[in-house]
Amino acid sequence: MKGQTVYIECFAYGYPPPSYKWSRMDGQKLTTNHQILNFGRVLKIENVRQEDAVRYKCTAKNSLGIANAEIQLIIQTPPTIIKPLIDQIVSTNSTATFDCIVSDINNLHTTIEWFRNGTPLVPLLMAPDDRNRFKIHGQSMSISKTSENDSGIYQCIASNDVGSVSSATRLTIKDIAPRFHGNVFPKRLYLVEGSKLDLPCLYQAIPKGTSMWTLSSGDPISDRGRIRQKEEPNGIVQLEIDPVKKLDEGEYVCVASNVIGEARGVVYVVVLARPSMTIHPSTADQDDQNIRITCEAELFCDMPSDCPEPLFDWQFNDRPIRSLSNGQGIRIQAIESESRYKRHPSVIQTSQIQISTNFSQNNVGRFSCNSIYGGGAAELEPRQLSMAPTKPQVLNVGITQAKLSWSQQAQKKRGFSRSIKLEGYQIEFRTSENRHWRNFEDGIFRTEDMIIGSYIVKNLEPNQKYQFRVRARSAEGLLSAASPSSDWIETPKSAPITLVDNLKWKILDDNHLIVEWDPIETSHQSGPNLRYNVSWSEPSDDSFNNYEIVYRPNLVISFSNKTSESSKNCYTISLAVQPINDIGTGMASTDTVVHVSREGPKRHAVNLVSSPINSTHMNISWNWEEQEECENAIGAQRPSETTRQR
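In the UniProt record's numbering, the protein residues as written are 1 to 646.
Hints are computed from structural coordinates only; laboratory data are not their basis.
Fair warning: there could be bad hints in the mix.
To be verified - Listed next, with one range per pair, are the computed distances between beta-carbon atoms:
#, residue 1, residue 2, range
1, Asn93, Ser216, 31 to 41 Å
2, Lys61, Ile136, 34 to 44 Å
3, Glu70, Asn607, 20 to 30 Å
As the list claims (entries may be wrong) - With a cut-off of at most 25 Å between alpha-carbon atoms, the simulated SDA-like pairs for lysine to any residue come out as follows:
#, residue 1, residue 2
4, Lys493, Gly584
5, Lys504, Met25
6, Lys246, Val271
7, Lys493, Leu530
8, Lys83, Ser94
9, Lys493, Gly424
10, Lys458, Gly477
11, Lys44, Met618
12, Lys465, Lys504
13, Lys465, Phe440
14, Lys504, Tyr547
15, Lys403, Gly424
16, Lys29, Gln4
17, Lys504, Gly477
18, Lys246, Val269
19, Lys83, Phe39
20, Lys458, Ile507
21, Lys504, Trp22
22, Lys44, Tyr13
23, Lys145, Thr97
24, Lys196, Lys145
25, Lys196, Lys230
26, Lys196, Lys135
27, Lys196, Pro220
28, Lys135, Leu121
29, Lys174, His109
30, Lys21, Ile613
31, Lys246, Tyr268
32, Lys29, Lys83
33, Lys145, Leu171
34, Lys196, Pro207
35, Lys29, Phe39
36, Lys602, Asn619
37, Lys145, Thr92
38, Lys391, Glu490
39, Lys29, Val594
40, Lys493, Arg552
For every residue, glycine included, the Cβ atom is placed at its ideal position computed from N, Cα and C.
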């Protein structure tokens with residue numbers, strides 16, 4: 001069962017003693033919950049999961065030969081409720097529906113039972129009126145023409161041979177006139193001139209009602225213009241003001257009604273002057289030990305406690321700070337202060353980030369602060385040498401490499417002194433698909449003290465546009481400013497350069513099998529119109545006489561009619577997958593041999609000999625007769641009977 005620990009034992013007799021190796025037949029590697037014990041003989045799987053339910057292969061090997069055995073691991077699990085039941089409030093004389101969606105991975109027979117207040121719901125045992133109202137169809141149950149007497153706790157229980165699982169919900173039948181709740185529908189809103197208002201009319205009503213927005217005078221608001229109301233697909237009516245102006249300040253009313261009654265929700269809109277936004281400092285140097293960047297918004301409100309929050313959001317190089325993998329090097333702090341001048345009360349809301357030394361020394365770029373009032377930016381500048389390389393040029397552009405050259409003044413004229421020595425150059429690049437500058441993984445390119453430097457940049461992608469720039473670096477780790485950017489260059493298109501890997505197959509029936517493989521060039525293609533050429537041989541024929549072009553990384557292969565009519569029951573088929581595009585053909589995958597067997601092995605054992613080895617082990621040997629040339633045998637079953645000596 002799922003979650004238990006499984007032990008699979010493999011024993012092979014031989015001399016010299018064999019070594020053991022375990023593998024999965026689906027081509028995947030053994031995961032961390034797999035352990036090899038007892039000198040390789042035992043495969044232990046802790047906390048077994050559904051993805052562990054595959055065929056395993058044990059290979060025993062010594063200097064005289066190899067033996068294999070396979071076993072299929074089947075994991076049984078109780079059913080799983082995909083979406084639990086949720087509480088419902090339904091009006092009278094309507095329909096309540098419950099869906100107990102169950103997943104049974106092992107396709108075991110699953111039964112679903114329904115209960116109300118702990119009592120089974122069996123239509124045959126109900127009164128005639130209830131029998132017509134309660135409809136049970138497997139995983140779904142509905143109650144029509146609801147009344148208050150139908151309120152209660154409803155439960156579904158799904159069970160199979162392994163276990164059971166349940167979900168419960170409370171059903172409440174009642175009618176409610178529309179009402180507005182203060183936590184959902186605000187009484188006062190503060191807006192900034194130039195912003196946009198989207199205010200839905202949210203209320204509670206059973207059964208569902210209708211709503212509309214009006215001015216304080218009672219005049220309905222039009223569905224057009226700068227101030228308008230709009231009905232969403234879910235039936236909620238929304239008040240929209242775009243853009244907000246000072247003259248829009250005042251009361252707005254939402255009127256909601258249903259068959260039970262009517263209610264009015266009133267909101268007062270206060271329009272504030274657009275605040276001033278500042279960010280300082282505008283630049284920060286990597287030499288600073290404690291870098292702090294502050295973003296401020298000053299708002300003028302009659303009551304400082306009523307000023308709306310600016311909702312600051314920080315980004316680094318257009319990426320949210322909280323999403324950065326090294327975001328732990330940045331701390332964010334929020335501060336709020338009030339002015340001391342009573343005639344012009346204001347609130348200064350501040351968001352400050354503190355940048356660690358480690359982050360600043362390893363990153364260069366732009367910090368931006370955004371809010372509902374606007375934003376600003378500050379540059380994190382690198383600690384630099386005084387002189388940068390010049391005149392970068394790209395020469396001899398190939399499919400996966402290019403030669404980059406640049407100029408540099410003599411060492412005594414380019415910002416280096418006797419105490420600061422040139423170590424090399426750092427080459428940076430960007431592509432048309434990703435405009436952020438990045439360093440090459442090879443790191444610093446060493447060079448001698450030459451006026452002209454050059455380097456062959458490798459591992460480029462075909463069919464890609466590149467731009468390069470260069471920085472000089474001292475032995476102490478100081479970087480110069482970046483050189484001017486080179487002209488954009490484009491590597492030539494090419495045939496696919498990636499080999500198709502992880503080819504897997506599965507037999508569907510006697511005449512069909514499915515082939516799957518890992519897709520290549522998912523983010524960038526070497527050339528236009530990438531596709532795959534799948535070729536295969538006829539059963540028991542090594543020549544690849546069949547092929548099909550596909551665009552998806554899978555294909556269902558059908559065998560010929562001759563195969564179905566043949567008297568043979570076991571075949572071997574060779575498979576290969578080759579990527580191609582409009583430029584050319586890539587390398588083909590390694591041939592994969594598939595064994596297709598219609599029947600079990602017909603061989604039988606003769607000359608069976610057994611001899612004891614010790615108190616717990618016995619050596620059993622035999623010879624096979626009537627072996628077929630093509631047989632998908634994976635091992636032998638050894639039934640035994642234990643008898644006691646009297």
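So, going through the hints one by one against the coordinates:
1. Asn93 / Ser216: 31 to 41 Å: 37 Å, holds
2. Lys61 / Ile136: 34 to 44 Å: Between Lys61 and Ile136, where Cβ atoms are some 59 Å apart, the hint is violated.
3. Glu70 / Asn607: 20 to 30 Å: Given about 25 Å between the Cβ atoms, the range holds.
4. Lys493 / Gly584: 10 Å, holds
5. Lys504 / Met25: 9 Å, holds
6. Lys246 / Val271: 6 Å, holds
7. Lys493 / Leu530: 12 Å, holds
8. Lys83 / Ser94: 23 Å, holds
9. Lys493 / Gly424: The hint is violated at about 32 Å.
10. Lys458 / Gly477: 24 Å, holds
11. Lys44 / Met618: This hinted pair holds, its Cα atoms lying about 24 Å apart.
12. Lys465 / Lys504: 35 Å, violated
13. Lys465 / Phe440: 16 Å, holds
14. Lys504 / Tyr547: 17 Å, holds
15. Lys403 / Gly424: 17 Å, holds
16. Lys29 / Gln4: 20 Å, holds
17. Lys504 / Gly477: Given pair Lys504, Gly477 is violated - Cα atoms ~49 Å apart, limit 25 Å.
18. Lys246 / Val269: Given pair Lys246, Val269 holds - Cα atoms ~10 Å apart, limit 25 Å.
19. Lys83 / Phe39: 45 Å, violated
20. Lys458 / Ile507: 43 Å, violated
21. Lys504 / Trp22: 18 Å, holds
22. Lys44 / Tyr13: 21 Å, holds
23. Lys145 / Thr97: This hinted pair holds, its Cα atoms lying about 12 Å apart.
24. Lys196 / Lys145: Since the Cα atoms of Lys196 and Lys145 sit roughly 44 Å apart, the hinted pair is violated (cutoff 25 Å).
25. Lys196 / Lys230: Answer holds: Lys196 to Lys230 is near 14 Å, not above 25 Å.
26. Lys196 / Lys135: 48 Å, violated
27. Lys196 / Pro220: Roughly 20 Å between the alpha carbons, so the hint for Lys196 and Pro220 holds.
28. Lys135 / Leu121: With Cα atoms ~10 Å apart, Lys135 and Leu121 stay inside 25 Å; holds.
29. Lys174 / His109: 38 Å, violated
30. Lys21 / Ile613: OK: Lys21 and Ile613 at ~23 Å, within 25 Å.
31. Lys246 / Tyr268: Holds, at about 13 Å.
32. Lys29 / Lys83: 32 Å, violated
33. Lys145 / Leu171: Within the cut-off at roughly 14 Å; holds.
34. Lys196 / Pro207: It is violated: about 32 Å lies between the C-alpha atoms, which goes past 25 Å.
35. Lys29 / Phe39: 19 Å, holds
36. Lys602 / Asn619: Holds. Lys602 to Asn619 sits at ~24 Å (cutoff 25 Å).
37. Lys145 / Thr92: Between Lys145 and Thr92 the Cα gap is close to 7 Å, so the pair holds against 25 Å.
38. Lys391 / Glu490: 19 Å, holds
39. Lys29 / Val594: 20 Å, holds
40. Lys493 / Arg552: 21 Å, holds
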